[in-house]
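Asker: So the protein sequences, as listed, match chains A and B. Once you know that position 341 of the first sequence is 341 in our numbering, the rest is easy, because the numbers rise by one and skip nothing. Once you know that position 56 of the second sequence is 56 in our numbering, the rest is easy, because the numbers rise by one and skip nothing.
Keep in mind that the hints were calculated from the coordinates and are not lab data. Where hints are given, some of them may not hold.
Pulled a few chain B residues facing chain A out of the computed Cβ check, cut under 10 Å [stated by the list, open to error]: (1) S49; (2) S52; (3) R87.
Because the structure is a prediction, the values reported are computed rather than measured. Glycine included, every Cβ here is placed at the ideal spot set by N, Cα and C.
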Amino acid sequence: MISLASRDILHGWGKFVFTGIGLGLLIGVTLVMAGVYRGMVDDGKALLDNSGADLWVVQRDTLGPYAESSSVHDDTYRGLLGLRGVERAANITYLTMQVRKGTQDVRAMVVGITAGQPGQVPGWPPYLVAGRQITRGHYEAVADIATGFRIGDRLSIRRNQYTVVGLTRRMVSSSGDPMVFIPLKDAQEAQFLKDNDAIWQSRRRTEANPALNRPGVPGLLDAVLASQSTNPYVNAVLVTLEPGYAPDEVADSIRRWQRLTVYTRAQMEDILVGKLIATSARQIGMFLVILAVVSAAIVAFIIYTLTMDKIREIAVLKLIGTRNRTIAGMILQQAVALGLIGFVVGKIAATFSAPFFPKYVLLVPADTIAGFAAVMIICVLASLVSIRLALRVDPAEAIGG
Amino acid sequence: MSIHAGRGIRIEGLVKRYGHGDTAVDALKGVNMHVAPGEVVGLIGPSGSGKSTLLKCLGAVIDPTAGRMTLGDESIFDNGWKVRDLRALRRDKIGFVFQAPYLIPFLNVTDNVALLPMLAGIPNAAARAQALALLTALDIQHRAEAMPSQLSGGEQQRVAIARGLVNRPPVILADEPTAPLDSARAMAVVRILNDMASQFQTAIIVVTHDEKIIPTFKRIYHIRDGVTHEEAGEGRSLSA
Ligand SMILES: Nc1ncnc2c1ncn2[C@@H]1O[C@H](COP(=O)(O)OP(=O)(O)O)[C@@H](O)[C@H]1O
Ligand SMILES: [Mg+2]
Numbered sequence: 001m002i003s004l005a006s007r008d009i010l011h012g013w014g015k016f017v018f019t020g021i022g023l024g025l026l027i028g029v030t031l032v033m034a035g036v037y038r039g040m041v042d043d044g045k046a047l048l049d050n051s052g053a054d055l056w057v058v059q060r061d062t063l064g065p066y067a068e069s070s071s072v073h074d075d076t077y078r079g080l081l082g083l084r085g086v087e088r089a090a091n092i093t094y095l096t097m098q099v100r101k102g103t104q105d106v107r108a109m110v111v112g113i114t115a116g117q118p119g120q121v122p123g124w125p126p127y128l129v130a131g132r133q134i135t136r137g138h139y140e141a142v143a144d145i146a147t148g149f150r151i152g153d154r155l156s157i158r159r160n161q162y163t164v165v166g167l168t169r170r171m172v173s174s175s176g177d178p179m180v181f182i183p184l185k186d187a188q189e190a191q192f193l194k195d196n197d198a199i200w201q202s203r204r205r206t207e208a209n210p211a212l213n214r215p216g217v218p219g220l221l222d223a224v225l226a227s228q229s230t231n232p233y234v235n236a237v238l239v240t241l242e243p244g245y246a247p248d249e250v251a252d253s254i255r256r257w258q259r260l261t262v263y264t265r266a267q268m269e270d271i272l273v274g275k276l277i278a279t280s281a282r283q284i285g286m287f288l289v290i291l292a293v294v295s296a297a298i299v300a301f302i303i304y305t306l307t308m309d310k311i312r313e314i315a316v317l318k319l320i321g322t323r324n325r326t327i328a329g330m331i332l333q334q335a336v337a338l339g340l341i342g343f344v345v346g347k348i349a350a351t352f353s354a355p356f357f358p359k360y361v362l363l364v365p366a367d368t369i370a371g372f373a374a375v376m377i378i379c380v381l382a383s384l385v386s387i388r389l390a391l392r393v394d395p396a397e398a399i400g401g
Numbered sequence: 001m002s003i004h005a006g007r008g009i010r011i012e013g014l015v016k017r018y019g020h021g022d023t024a025v026d027a028l029k030g031v032n033m034h035v036a037p038g039e040v041v042g043l044i045g046p047s048g049s050g051k052s053t054l055l056k057c058l059g060a061v062i063d064p065t066a067g068r069m070t071l072g073d074e075s076i077f078d079n080g081w082k083v084r085d086l087r088a089l090r091r092d093k094i095g096f097v098f099q100a101p102y103l104i105p106f107l108n109v110t111d112n113v114a115l116l117p118m119l120a121g122i123p124n125a126a127a128r129a130q131a132l133a134l135l136t137a138l139d140i141q142h143r144a145e146a147m148p149s150q151l152s153g154g155e156q157q158r159v160a161i162a163r164g165l166v167n168r169p170p171v172i173l174a175d176e177p178t179a180p181l182d183s184a185r186a187m188a189v190v191r192i193l194n195d196m197a198s199q200f201q202t203a204i205i206v207v208t209h210d211e212k213i214i215p216t217f218k219r220i221y222h223i224r225d226g227v228t229h230e231e232a233g234e235g236r237s238l239s240a
């Protein structure tokens, strides 16, 4: 027996291939959407991995520092160092902002890292692709290569200028913005710093306040002004553990003694994936559903048209004794063939276009397999309407009136 | 003819009623007909007289309401009782030739004809050989590889006839097979049907309006208001 489906496809291959390519681009978009989600999860994990921390100590009852804002005093880390199991504790700040270089600016996450020996302080970039780590206490920066900055570039962050001394790769925030590392003190200032006019205004207000400007208490005004122009807060303290200590136990003791909120790596991942990108994930999920419905509609429509065009032939085939099964098989095979063409085109399109997307697109084999299964199921379901139509064709129609 | 009297196709008192109650239409009101193996008969009647209905009953695509039909020695319908596998009956016992050729557009000429034996389970090579032999008999073997759309109307009709004949069915039902053809082509088709009838001992029923070919039948059934009348035809010679 010859394959009726493949003969029909070869006979009308133009229509078939063009529909297949159209469907393929749709499937490509679907795969990229799934890749965007995977990329977001992977960005989140990279963020946690690259921080080098075992525990995140944040402001009490917040989901900080990535999902909510968090503020802890910058001397908190000293108290943590004394606890059993804590190897290192380092302050860190995060501030997402536009970093300027000359006339252009780049959206980046500015990370303030504690001075110290490279590789020993959590929060430092674990490795560089070029240049060196920050060695001076001020005005040096390490930037991710995705910012487009190069070594030697001068950046402006608020009112200060920084020189790029090192470059990293895939150091990104959970929303995919590249990171720029600067010394902690500078970062604290950047978070807090106001323009000259605002400083002057606030100084004048303080001076005009009789409670703070007491002629009888010399030095009070100066102390108040000094406290107003420094920022003693950081967003979190990153903690590494001594070998052999369970993260949960150390986290418990920090919670008990320091009255702070502490997250382990696993909890942090839950927050990033389950809360921070959950809305985006649902958004992408909605798009995937819509794309699946549109793909199904396209396959159903084209297979239906192809079947409608063949009603007479189907009646003749039935009249001369073709089994219903053979006719249903023909339609089903055409739908599946369309799905196969579409999937191959889609996979190729997704693979080649992924690097050009501004956000990280991670195509994982599991999604490819799931996508393939979904395409096949959609094609089979989409062909059912046409199969039903074909099976209801009366062989008597071939004889006519 | 008498030696085949018990064979060929025979119908007795065939009734076909469409619909029920007040709206019921009796398209056939007790038709009697017998076509012997090797015989070609004409079926003639005005529009609405029941020709298509009769052909559909004979072709086992609709069920008669009452009466009897036998094919060879086999009863295929008997007052409500019918053969179980009508599909296989159509495939193996009945050849169809239509007014329009209705070839399968995505199969070439050979495979259009070979499809029937293939459907009956004959291996592709053997089925194609069978098809080619018949295409040769119909003098169209030179178009064996062509697609239907590349053939003229007359060539398509010959391929359709080959398809109707390929399983060597004991009965062929032809519905206005010459309607789209010019006079010479029409006569050629009638000649082919007659040749095939005598060569393979096929009983052939030709429904037609075609004044050109009516004189060629030796026997004609006139149908009017669902009743047939048998009549001798001119049986004019077919030699070109
Ligand atoms: N499916 C049907 N349902 C109801 N009436 C039908 C149907 N098919 C045919 N008829 C009626 O049966 C009669 C015979 O029709 P038909 O067999 O098509 O005649 P012919 O082919 O000779 O023109 C007509 O009156 C027609 O209206
Ligand atoms: Mg008719």
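Asker: Next step is simple, just say for each hint if it's right about the structure.
Answerer: Hint by hint, here is what the structure shows:
Look at B/S49: its Cβ only gets to about 12 Å from chain A, farther than 10 Å, so that hint breaks. A distance limit of 10 Å between C-beta atoms decides the matter here; for B/S52 the minimum to chain A is near 6 Å, and the interface restraint holds. A distance limit of 10 Å between C-beta atoms decides the matter here; for B/R87 the minimum to chain A is near 5 Å, and the interface restraint holds.
When held up to the earlier numbered hints, the structure conflicts with hint 1 and nothing else.
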